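Chains as they are written, first to last, in numbering that gives the first Met the number 0: chain S, 0 to 388; chain L, 0 to 388.
Everything labelled a hint here was simulated from the structure, so no lab data went into it.
Worth double-checking, as some hints may not be accurate.
Remember, identical chains collapse to one label, so a pair may be satisfied in a single copy or spanning two.
[Stated by the list, open to error] Think about it this way: if two alpha-carbon atoms lie no more than 25 Å apart in a straight line, the pair counts; the simulated DSS-like pairs of lysine-lysine are:
1) K159 with K276
2) K276 with K154
3) K159 with K11
4) K40 with K276
5) K276 with K11
6) K159 with K279
7) K41 with K279
8) K154 with K11
9) K279 with K11
10) K279 with K154
11) K40 with K279
The structure presented is a predicted model; accordingly, all values stated were derived computationally and were not measured.
Protein chains: 2
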Amino acid sequence: METKLDMRRAAKVIDTLITPSLLLDRGKLERNVRRLAEHAKKLGVVLRPHMKTAKSIEVARRLFPGEPGPITVSTIAEAEYFAGHGFRDMTYAVGMSPAAANRAMELCRRTGVDLKLLLDTVEQADALAVVRETTGVTPSVFIELDCDEHRGGLKPDDPKLIEVADRIVAAGANLVGVLAHAGESYGLTTSDALIEAAENERSATVGAAEILRAHGHACPIVSLGSTPTAHFAANLEGVTELRAGVYMFFDLVQHGVGVCAIDDIAISVLATVIGAKPEKGWVLVDAGWMALSRDRGTANQRLDQGYGVVCDEQGRVLEDVVVSQASQEHGILAIRPGSSRAMPELPVGTQIRILPNHACAMGAQHDFYSVINGQSPEIEARWERIRGW
Amino acid sequence: METKLDMRRAAKVIDTLITPSLLLDRGKLERNVRRLAEHAKKLGVVLRPHMKTAKSIEVARRLFPGEPGPITVSTIAEAEYFAGHGFRDMTYAVGMSPAAANRAMELCRRTGVDLKLLLDTVEQADALAVVRETTGVTPSVFIELDCDEHRGGLKPDDPKLIEVADRIVAAGANLVGVLAHAGESYGLTTSDALIEAAENERSATVGAAEILRAHGHACPIVSLGSTPTAHFAANLEGVTELRAGVYMFFDLVQHGVGVCAIDDIAISVLATVIGAKPEKGWVLVDAGWMALSRDRGTANQRLDQGYGVVCDEQGRVLEDVVVSQASQEHGILAIRPGSSRAMPELPVGTQIRILPNHACAMGAQHDFYSVINGQSPEIEARWERIRGW
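Kindly generate the complete structure, drawing on both the sequences and the hints.
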């Protein structure tokens with residue numbers, strides 16, 4: 000059942016938006032998109048953007064102004080959505096369950112898309128025979144590699160690499176390549192360390208591809224990426240494609256890693272002041288973790304940004320003001336510990352913007368973007384997001 | 000644009016659900032609801048459940064099997080939704096902005112509901128005159144009290160209490176009472192401390208009402224509540240109503256506080272095993288923070304539950320197995336640090352259930368509940384949830 004449509008949802012300027020509300024700065028989005036596209040071009044690799052951050056066809060159209068291009072997805076629901084908008088070349092970059100593989104191949108059969116799967120075990124490889132038989136579609140599959148002990152995947156020198164590859168072929172599926180994600184790069188903070196992580200990701204992935212080729216597997220696609228390593232990679236010899244997602248919007252975690260400037264962060268939550276506790280230095284706003292997410296990704300960085308950095312309604316940072324606490328629908332603004340600045344005057348009704356620790360997590364709390372450009376109060380468009388699985 | 004409907008969304012048994020998926024155990028829900036309803040009755044107060052946790056008309060119907068009763072909401076969107084389902088007596092328990100007050104009074108005018116507002120400043124009180132003039136509705140208003148330094152609200156002995164009350168009346172609005180929330184009770188762990196917190200919440204709230212009455216304000220409603228204090232209150236003399244929300248579902252934080260047993264927790268996320276790293280003792284599942292939320296509310300409790308406690312597909316706890324790490328769509332299961340148990344065998348494709356740290360936060364990541372009852376695999380119903388503001 001739909002709630003009643005409120006006229007203010009059709010706001011033309013941010014002052015009349017219902018708060019909390021997710022803002023997306025189109026100019027910053029386009030600048031971030033251009034930056035990585037140019038870097039990938041220079042490195043001679045295909046860029047396969049990860050849509051898990053934006054989950055929006057309108058954002059995808061800014062990535063591919065002409066024809067839809069190759070994308071990465073984190074859920075089959077994303078694959079279904081982007082297939083419905085003409086995207087044909089997709090990688091589902093989460094290790095497959097048999098049920099997810101069946102659902103993915105059913106989508107391929109219905110729509111003709113090429114949705115590639117990911118796995119790292121013999122059990123998953125064996126399951127592909129049943130998937131193929133059930134759906135009548137030959138699965139295209141990547142072997143997931145572990146380049147930095149981050150999560151799943153096989154080490155390039157693991158003897159199981161060959162075994163899994165052979166079993167994929169034995170199951171009648173198509174082994175398209177190897178895929179790695181340098182997830183540990185989020186914990187780095189210096190250019191040297193990031194360049195090294197990117198080279199480690201490259202050499203592990205290319206090395207695995209070479210081992211597979213030596214065993215008769217063509218392994219045409221060599222895919223890697225994380226937003227930090229994608230931006231710091233100086234050489235991608237042997238790699239065919241680069242994946243990244245959060246780079247479209249950036250966030251405070253990426254700023255802490257050193258990948259972007261605060262000014263590059265393209266999304267924020269617009270909130271309204273609803274009270275204050277002057278004796279504690281607190282200002283209360285109507286954006287809590289429901290709007291900001293519970294993500295505290297900067298907690299272990301050099302500069303802990305609380306639940307987000309606070310800007311004025313034009314998006315100019317209020318120096319040293321952060322969201323220090325968050326409950327479901329309340330945020331508490333305070334001066335960062337150790338700072339001698341005073342809390343600016345923020346009377347009840349004042350609008351502010353809050354920058355995300357983690358753009359994927361903040362975005363997930365909202366159903367649409369109100370698209371703005373820079374400090375203008377004008378809302379250019381409303382772009383829907385999807386969610387679910 | 001809708002994604003294509005997958006037949007598995009209409010699953011009749013949990014084995015065929017798309018994972019990750021939110022489960023709600025109806026028997027546990029009903030038991031939890033009955034427990035607090037009986038306690039409130041014994042204490043002689045009205046129970047005004049907070050719908051911020053469930054956000055579902057079907058759950059609300061289990062609270063009020065006959066006529067819709069009094070409820071609390073955390074967003075105007077919830078008020079609009081429940082108004083559309085016949086609820087007439089609501090309190091919006093977040094400090095009002097002028098814009099939110101206007102929107103609330105427009106809802107009252109359109110539908111005839113009684114939606115009470117909350118404030119704690121002279122500025123908000125003064126703004127009510129304009130709200131009244133703009134909407135033609137006389138706002139009914141609570142003054143928010145601060146009983147434990149948790150968030151907003153006035154201390155009962157703050158001279159501003161009388162000033163704000165007078166200004167509410169001067170603005171032509173209706174002061175209906177005082178409202179407190181003992182939010183700091185979530186940090187407690189012993190019965191004695193919880194009973195004391197409940198009595199502190201009561202005496203502060205009743206004391207403020209008496210001060211207002213001595214100054215000529217009738218203050219008919221004396222409202223308080225948090226899930227821990229609501230369950231541990233032994234005496235609510237002078238109080239007219241009790242509010243609580245998370246008690247319907249309960250969660251690991253409430254278990255850590257000592258309010259419920261693990262077996263009382265009514266929601267969980269069904270997930271599927273997608274891999275393993277035996278050398279690290281890891282099992283990977285397809286539920287990450289997108290499905291579980293980023294909430295780590297047990298991190299500062301005596302027993303850190305990671306991103307949630309793991310059960311088998313029938314809901315029986317797998318002793319000492321927790322979600323130790325979560326990325327967007329991946330969870331890593333591991334044995335709790337310090338335990339000597341071994342990780343059980345969980346082959347790829349196995350389904351498990353994950354109990355929430357924080358039910359409000361886990362629920363918010365999903366659009367519907369698959370309703371089950373105990374260990375039966377049968378799905379009785381699919382109940383929608385709402386979100387947004």
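Index of numbered hints that the structure contradicts, given in increasing order: 3, 4, 5, 7, 8, 9, 11
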